[in-house]
Each structure stands twice: as C-alpha cells, then as structure tokens.
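Visitor: As a plain string of letters, each chain reads:
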Amino acid sequence: MTLDAKIPPGPIQEKWDNHRFNTKLVAPQNRRKFDVIVVGSGLAGASAGATLGELGYNVKVFCFQDSPRRAHSIAAQGGINAAKNYKNDGDSVYRLFYDTIKGGDYRSREANVYRLAQISTSIIDQCVAQGVPFAREYGGLLDNRSFGGTQVSRTFYARGQTGQQLELGAYQALMRQVELGTVELHSRHEMLEIVVEDGKAAGIIVRDLITGELTRHSAHAVVLATGGYGNVFFLSTQAKGCNTTAIWRAHRKGAYFANPCYTQIHPTCIPVSGDHQSKLTLMSESLRNDGRVWVPVKPDDRRKPGDIPAAERDYYLERRYPAFANLVPRDVASRAAKERVDAGYGVGELKNGVYLDFGDAIHRLGRTVVEQRYGNLFDMYANIAGEDPYESPMRIYPAVHYTMGGLWVDYNLMSNLPGLFVVGEANFSDHGANRLGASALMQGLADGYFVLPATISGWLADQLNQPAPSTTSDAFNEAADAVAERINTLLTVNGTRTVDSFHRELGQTLWDNCGMARNAASLSDARKKISELREEYWSDVRVLGDGQSLNQSLEKAGRVADFFELGELLCQDALHREESCGGHFREEHQTPDGEAKRDDDNFAYVAAWEFQGTGSKAKLNKEDLEFEYAHPSQRSYK
Amino acid sequence: MNLTLKVWRQRGPSDAGHFEAYDAPGITEDMSFLEMLDVVNEQLIHSGREAIAFDHDCREGICGSCGMVINGKPHGPKKLTTTCQLHMRNFRDGDSITVEPWRAAAFPVVKDLVVDRRPFDAIIQAGGWITAPTGGAQDANLTPIPKAVADQAFDAAACIGCGACVAACPNGAAQLFTSAKAAHLNLLPQGQPERWSRVTAMVDRMEEYFGSCTNYGECQQACPKGISIDFIAMMNRDYLKAQFKDRKRLVGASDLAGDGAG
Amino acid sequence: MSSMPGRAGAGPVAPVHQKGPRRFWIQQFYGSALGKKAVMALTGIIGLGFVFMHMAGNLKIYTGENADGVKHIDEYGEWLRTLLEPAVPHTGTLWLLRGILIIAVLLHIHAAITLSMINRRARPTGYKGGRTYGLGGTYVARSMRITGILVAAFIVFHLFDLTWGPANPDFERGQVFHNVTSSLDRWWVAGIYIVGNLALGLHLWHGVWSLFQSLGLNNPRFNTWRRGLAWGFTVLVVGANLTFPIAILSGAV
Chain L
1 MTLDAKIPPG
11 PIQEKWDNHR
21 FNTKLVAPQN
31 RRKFDVIVVG
41 SGLAGASAGA
51 TLGELGYNVK
61 VFCFQDSPRR
71 AHSIAAQGGI
81 NAAKNYKNDG
91 DSVYRLFYDT
101 IKGGDYRSRE
111 ANVYRLAQIS
121 TSIIDQCVAQ
131 GVPFAREYGG
141 LLDNRSFGGT
151 QVSRTFYARG
161 QTGQQLELGA
171 YQALMRQVEL
181 GTVELHSRHE
191 MLEIVVEDGK
201 AAGIIVRDLI
211 TGELTRHSAH
221 AVVLATGGYG
231 NVFFLSTQAK
241 GCNTTAIWRA
251 HRKGAYFANP
261 CYTQIHPTCI
271 PVSGDHQSKL
281 TLMSESLRND
291 GRVWVPVKPD
301 DRRKPGDIPA
311 AERDYYLERR
321 YPAFANLVPR
331 DVASRAAKER
341 VDAGYGVGEL
351 KNGVYLDFGD
361 AIHRLGRTVV
371 EQRYGNLFDM
381 YANIAGEDPY
391 ESPMRIYPAV
401 HYTMGGLWVD
411 YNLMSNLPGL
421 FVVGEANFSD
431 HGANRLGASA
441 LMQGLADGYF
451 VLPATISGWL
461 ADQLNQPAPS
471 TTSDAFNEAA
481 DAVAERINTL
491 LTVNGTRTVD
501 SFHRELGQTL
511 WDNCGMARNA
521 ASLSDARKKI
531 SELREEYWSD
541 VRVLGDGQSL
551 NQSLEKAGRV
561 ADFFELGELL
571 CQDALHREES
581 CGGHFREEHQ
591 TPDGEAKRDD
601 DNFAYVAAWE
611 FQGTGSKAKL
621 NKEDLEFEYA
631 HPSQRSYK
Chain C
1 MNLTLKVWRQ
11 RGPSDAGHFE
21 AYDAPGITED
31 MSFLEMLDVV
41 NEQLIHSGRE
51 AIAFDHDCRE
61 GICGSCGMVI
71 NGKPHGPKKL
81 TTTCQLHMRN
91 FRDGDSITVE
101 PWRAAAFPVV
111 KDLVVDRRPF
121 DAIIQAGGWI
131 TAPTGGAQDA
141 NLTPIPKAVA
151 DQAFDAAACI
161 GCGACVAACP
171 NGAAQLFTSA
181 KAAHLNLLPQ
191 GQPERWSRVT
201 AMVDRMEEYF
211 GSCTNYGECQ
221 QACPKGISID
231 FIAMMNRDYL
241 KAQFKDRKRL
251 VGASDLAGDG
261 AG
Chain R
1 MSSMPGRAGA
11 GPVAPVHQKG
21 PRRFWIQQFY
31 GSALGKKAVM
41 ALTGIIGLGF
51 VFMHMAGNLK
61 IYTGENADGV
71 KHIDEYGEWL
81 RTLLEPAVPH
91 TGTLWLLRGI
101 LIIAVLLHIH
111 AAITLSMINR
121 RARPTGYKGG
131 RTYGLGGTYV
141 ARSMRITGIL
151 VAAFIVFHLF
161 DLTWGPANPD
171 FERGQVFHNV
181 TSSLDRWWVA
191 GIYIVGNLAL
201 GLHLWHGVWS
211 LFQSLGLNNP
221 RFNTWRRGLA
231 WGFTVLVVGA
241 NLTFPIAILS
251 GAV
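Protein chains in written order, with this note's numbering: chain L, 1 to 638; chain C, 1 to 262; chain R, 1 to 253.
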C-alpha cells in the first residue's frame, strides 16, 4: 500500500501558510469541549501540552518521571538550530532546509523539512520570551556557534546545557497551565496501552507507578511525545527510563512504524569502561568546533598521547574530509572512528576510542576561553573518565544516540490511526536517515509549540459536540484486561535471569549486528537470535515484588519485552533496505573508498511497517519520497 | 574493591523502614555509584530479594532524578557532583557506606531511597514561569540583555531540582531551589512584568510545604550545581520589596494566575 | 496516588505552614516565614545598636571620676535618665528606648520560636545514619537557638543583678560603678558574664552576617565584607564586654 502524506499543494515556501489557512479551526469557546491526552513531557510533549492548554483545550499530560521537568530532552547539550542569519554568514530558511535534507541523506520529506526550517526562527523568539538564558555576546545580542554538517553558524546555545534550559522553559509553560487548570498533570504514570475504537485512537491505559493502579483515560485526540527507542541497544546516551513502550503499543494496535533502522550513532561519547557500564555519556558535538580528532599513525602505539609527535598522529577526519574536517556529519564521523578502531589504531586501555584533542585550542585561545565554552563538559569528562582533558586529550567513541525512525505520521503529524498524533523523536518525520546536530531540539519544539497546535484543530473540528469516548466500552475493557494480564504474567514467570541481563544481551546482539555497520547475513542471524531471546525471556525472566506498589523491576520488564519485538523489526527493516544511507550503513553497499552508497532508484521511500503479530514479519507499506527542490546527490563532505 | 553497604529499606510510605547491610564485592573504580547499586541489585534479585528502589534516569547529572544521602552527605562526599556522577574511585577498598533517602516532611519516602518531590512542582506552578503564550513573541534580538545578566540568570537556572538543598537543610527548607528559579526569571528583562507577583506567589507556595531559612548555608554546600545562597538573599529582597510594589492590594496565587490568563 | 487538579505538587504531602485567609498586609507579612525572618533581622539590628551603645557606655568604668568625685559611669547613667529633659519628663526618653528594645526582643523571640516550630514540622525525621554537616560557620548558625537561649537567660540574670538588684546583696540604686564592681568581684558572677558574653558573641557573629541575607542586602561587591563586619563587630563588642569582669576580678578596677 502507498501511504498518503497529505502534503498540501503549491510551492514549498507557501505550503505551510496555505495549509494553516485551509485547516479547520475550533473556535475559542468550543475548545474546552475537547479532551486531548499528551503522553510524555519532553520538549515536544511539554510544549504541546502547554500550547494546547493555552489555546483552551482540556489537556491531560502523563509522564513516568516524578516530575515532567526530568524528561530526557533535558540532557541535550549542544544547541538548537535556527535560520536567523544573525551572523550574516549566508544562512536562510532555504539553506537550513537544504542542509537538513542533505544531512538526512535524502530520505526525509521535503515539505516537512521546509516547514521545520521556517518555524525554527519562531522557536528562538518563543524561548527567549520565556526567559531561556541563551548565550549572549557582550553587546547583549544572541551568540551562535557552528555544528556538524553545516558551513554556517546557526546554533543557539546555553552553555553545554541547551536542552536543560529549553526543557525547563517548556516545563514552566506547562506548569503555568497546570496552575490555570487547563492541564491536568499525572507524573509517575506510565502509558501501557493505547485504546483503539472504530479504527480511531480513543484513549490510553496508564499505570500509576506508585500504587500500581491501572486507570483509563479517553480523549478526542491522543498525542504521543514519548521520545526515541535508542535504549533497545541497552547502552546508549539515553536516560535509563527511555523506552519504546508507548509507540510500540500503538504500533501493535495498527500504527505504522517508519524507518526503524535509521538509528544515529553519535561520534563523541565516552568509551565503555567495563561490563558494569549502564549507559554511555555524550560529549557534545560542539566540542568538534575546537577539538581535533586523531589516532596514532602506528597501530598499538602505547605511548602517552602527549609523547606522540605531530608527525606520528593521523588526523584522519582532516585527512579524509578536508572541506568539513572535524565537522563532518555524525554518521560520517562515527564510521570513520569505527574504521580506525577496527583497523587496530584505537587508543585507551581497551583500545576502544580515538582522541579528541584540545591542545591546539588551548594553545590558540587560552585555557580560560576553552573553559568558558566547554567547562562543564570537561568537568563531566574528568569525573567519568578519571582523566583531566585539559592535560591529555579526551578519548571518545561513537554510541547510540538518537533514532530518526519512529511512528509514521502525515504532514499533520497524525499517524495512520486517526486521532493518534505523534510528535518529537517519537515520529519519523524530519531527519531522514541521519539527523544533523542541534536539530532534535528544533524539531521537538517545532512540533509541540507550532505544528501540532495548528494541525490538531483540523481533526478535532469534525468532532464538535461529540463526547470523548466512554472508558467502559469493550475496547477499554479489553485493553485494560490485556495490560493487567501482561503484568501478571511478568510477575509470575519467576525464572532465573534478571531483566537487565536479557536487556544487555539484546543490546549487544543489536550493536554487533545492527549497529554502525550491517550486512545481510548478520542481520538475519540477529533477528533469529532476538526472537529466541524473546521466547526465553517470557519463560525465564525473574521479576520480584508485586504489582500494587512501586516496582522498578516490573517497569523495566514491560519495557524490555517491547524492546525485543522492536529489535526484530529493526533487523527486518535494516535487512530490507539494500542500500546505505545516513545512519544505516550496509557493508554490501559502499563506494570503493568506504562511503555510503545510496540507491535512489529503488529505495527513495519511507518504509512504514505494519504489525502482523508477535514474531511474524511486519508488512511493508511505502511512502514514496519526491525531491522537487533539493535534488539528491552523492553526499560529499570532502 | 569490596565494600559494605548499609541501605535504608522501606516498603512503603507507612512502613517504619530500617537499614539492611549488603556486601558489594568486585566493585571497580570506574563504576558510578548507581552502577555499583545496579551490581548489588542484580545480586539481590539472584538471591530472591527485591532490588533496592532508587530514582535515576539520565545518569549524566542533569535530570535531577537521583539523590540519596551517602555517608551523611546529600549526593555523597564529592562536591558539585550528583549521585549518578559520583564514581567509586572516591571510595576505598573495605569502606562501609551508609545510604539513606532525603529526609523532609515535604519529601515523604515512597519506597527505599525514593521520595516524592512533587512540592517542587507546586512551587514552579505557583509562579516559576513567564507568561509568554506561544506565538506572541517578539524577535529574539529585539531586547539586548547584557552578557553579565544573562550569565547570572543562567547560573541560577542551572538548578536541576534534585532536592539536595532540602535534604541538606536541618529545617527542610527549599529556599535555594525556589530562589534559583525566582532569580533566573527576575534577573532577566522578560521577567520584570511579573517580578513581584512571582516572588510572592512562589514564596507563599514554598512556605506551605517547607521550613524556613536560617542561613546555615548547608544547601549551598550540598548543591551539585553550585547554586549560590546569594540568590536566596535576592529572593528575600524581592519579597520585601514586593510588599510595597503592588499598588493594588497584594493578590494571592490564584489571582496571579488569572492575570496571566487574561 | 492521583494528582489533584490544579495542584500538581499536592500529592500526599501535608502542608507544614497553614496560612489563614487574607488579612491586613502586616499580619499577612508576619504570617510568612520570610516576613518573620525580616522581622528577626530588623529587631536584631535594634539589638545590635543596643549592645553597641551598652558596651560604649560601660567603657566609662575605666575613665574615672569628675571633679566632684562622681564616677563618670554614674554620671552617664544619670544623663540617660535626663535625656531630652525638659522636653520630655525625667526618664521619659529612656523608657521610650527601653520600650522599643523590649518590643524588639519580644518580637525577636516570638519569631524565633514560631519559626522553630515550623522548621520542626518541616523536618520531623532526622538522618538515621547520621548526617555530616559542613564545618565552621554552619555550626555557629545551627547553634543560634542555644546561644539565643543562653543570651536571654544571661539578660534576665543581668537585670536581676544590676538593674533591679535582688541578685546582688550590695545593690544600691543609681550607684552603677559600685554595683558593677561589687557584683563582678564575685568569681561566679564574673563567670556568668564571661559565658553570657561568649554566647552573645556567637549569636552576634552569625546574626550580623545573617541579617544581610534575610533582608536581601546582598551584592557580590560587598558580600566579602559581611564576614569581616561580623568579625569586627563581634570582637569589638564582646571583647570590650569581656574586659569588665576580668578587670574587676583581677582588681584592676
């Protein structure tokens, strides 16, 4: 089946304006008649909840954290892009659009990306008005820095804590609505099922994580803002609680899952230090502005980095990509690091990293400037790695960071399930096969503040004066029973292995076979292995405690169960996509010098997978991608 | 290294709770404190006992989820460090480590080391925001903000809401948390229109749940983000000034919210 | 637990400080803990002024007597009673000052007690495994209640001793020099004065620094001076006060 993305007609510059005019509105006095559920309180969820509340809808916001402020958007470090051209260096909406399409390796939807670039400027205005303390120059105007994959400085930042400040801005706006009574907040509540009635999203089943009570909530529209699924790899830069359950439950109920194999590996993370590792820590990409990446020329060089003379250092990014050098996009930088480490040039005790060296920057700018720019990141590194990055270079290695794939949505951000909207990282929409740095925050806030509030009225307007669905219908009863039964099953398997041990094994399998480089044979093996592991899980997992109180093992168990199924789909998608593009690198498809080789003739489409039952292969639906403005070319950063 | 842990176990809010001792063998210095607890939890589950419940999420020191009192200090012995960023190289082989939850009336224990910190949300809810509905903003560069002001506002805004300040305070006071948000917004030009109503509403809400400040400075020492008690002084001053700023009779929190909605 | 609409933070947490309905602003203000702290700071400033003047006046013990053989300190005591005469009646000004001081002290104590009660409710459970507090300044800060009680007790004794007389067998009304020297000649009385003043010192040392904080008189430019001011003021007042019992006990006066 070919999917209709409902892209409005007309020139790309006018699509969004025209579409907003043509979308049905809900009059202010009618908005309070509509109930909207928002799951998740990160940038997309909090901004959507706040804005919908301001508009006058009845909003319920759910998050599993103890406070909505803690959603993982808060950990984003580097910055947020916007086509303000405050630096007068040739930036424009069109250039941001073009960079994003190209950076995404021509696998994203032009109309969405153009809209994102248009909205980017309003986001900065909005956030400044809220009091987000962006970095400023001495004259009092906003400062910018550059990021990977672009040749302009368009990234706004707040030290190394941009995500924190944007998240707090959205959270504060949300809490204002809570005070006003337009938003009802449910923290420490986890969505465990979506309810679909007559083919439409009718509501959700949530578990109160403190009391274990299952409650039912119905609404005229359900918005999922539940983030990405990178934790399927166990080790990632995501927070420990990040999970796929909300979108996976929706997928099982009929929502298509698009491009799951587009996973982004971030090039600058602190390497694994041992088996105990519970997560990986990102060092902001902004570090590549001033840091130089290198490995020793000689393999197995055990000298201290300071003792290796310049002539015996291989600045491999500068060597291979002179034009962009240390600022090549993430996928390119990651693969280049993997190539060196696999070839035996890795550094550190476990030979599992490359150097990111600030020696030159400290020499050129002075320690004070470097400290001002990156102080908190350096401190963090010193704390974790136990080495002082002012004295010796950081050791870095790629790690799973972001997932471009997610639930399929149309131009209105509505999934194929009517009434189910998906915003932020949880949808697949804007980044194609690879996301540029500082664009995740942009997309989350664009969706939440501006896109969804404008498009949701088109869906709601047709339901005027219809009550929200009853929560005692058969559909709600079945969903609630299924959730209760699943919890009961997990608690009664009483096997021998812990949830974490399964999760680690799943993650290792995926990382080895469906990580930075993939091939057909290993993907088939991995899929089979994951499916066996899933079966073992349901017969041998050990979850202690009960379901009537705070039980973190039980929470994890439910999430990992969904990760298994997602892992299988991830392999299936990666296997079917017989090309290399962005974060998806198939060893069979590369140029002679090791760059990704796309196949635009056969794969210029979005793969939207339809659930066919646990363990069964999902069914492929396609949305063909057309490039009228940014014409696909071989990406080159040389 | 091999450690002995004394961990507070409490089944629920109404349970009295008690310490339990566990061995933690084979800990490496590269582990974070939470990874060490992960190891202990895996052992507990294998031996048929429930894992120790503790809040954690990002494990990068920014979400503010984690927090426990380690050997009598919130977030443990290392300054300017959250529990998740505390690495075991700060301990020595053979150490005995006592771990207990935050203690404050406003933060009742939910289970083991997990507490309920929702009164923090209530404070932000009362006034920790700028009324700036989506879409109504002017161009971001229209109002220049001196770098020094922006930087100071950021210093205050760096608060992660972990609650260590409350845990550290012998009075269970939340002044550092509240003043950090009030100062962040009150320092900026955008925050001026609501400056006086904000500080009044936030302080009033804070005082419903938390104790009062007696200027011990313990909060500042415990804060993993180095928030200064200078912000508390600023909040005090703003609160005093607010008594005289509103020519209208002083309004309550609900009226303030109404102003914003109008 | 489900959240209460309109109050995300309520949860199961019981308020520790119930404020009544809206009242006259000064009640409203004093009803808040921040207001109470401001009142403590302001009344503290009155107290600081008093202890300073008290110390300065007492230095006259050392200056001897006038041509008529009247001790300077007795002369000073009489002057206080005749202040602003004849515009105000005899002892009128003194009583006005005493009135302000008494009200300030009562407010200071009332605020301290009510704040302590709030704080006790806000932290009903201590750390079962012990709590390692910061060193130095915070210890003094945490002992403000103890030093406050000691100072209050000392003041009561001081009044019985040198103002009203029952604690001093040789008491003669109006004869300040005689009363001071005869009373402090007893080693245990001198001891009480020394301990009382040391407690006062600790109380002042934190109080002087702290009042800037409570009133928000705070600026990074002069914050570093606050500790210095606290030290200087405390050393001056307490240092001078301590010389009296020592000088009298040692027979120097």
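It is possible that part of the hints are untrue.
As the list claims (entries may be wrong) - Here are the simulated BS3-like pairs of lysine-lysine, each with C-alpha atoms no more than 25 Å apart in a straight line: (1) C:78 with L:87; (2) R:128 with C:6; (3) C:78 with R:71; (4) L:15 with L:622.
Said to hold, decoys possible - A short list of chain L residues far from chain C (calculated; beta carbon distances all over 10 Å): (5) 12; (6) 50; (7) 136; (8) 137; (9) 311; (10) 379; (11) 520; (12) 549.
For the record, the hints were derived by calculation from the structure and aren't laboratory data.
All values derive from a computational prediction rather than experimental measurement.
No residue lacks a Cβ here, since even glycine has one placed at the ideal position from N, Cα and C.
Visitor: Evaluate each hint against the coordinates.
Guide: Hint by hint, here is what the structure shows:
no.	hint	verdict
1	C:78 with L:87	violated, 41 Å
2	R:128 with C:6	holds, 11 Å
3	C:78 with R:71	violated, 61 Å
4	L:15 with L:622	holds, 23 Å
5	12	holds, 22 Å
6	50	violated, 7 Å
7	136	violated, 5 Å
8	137	violated, 7 Å
9	311	holds, 33 Å
10	379	violated, 8 Å
11	520	holds, 35 Å
12	549	violated, 6 Å
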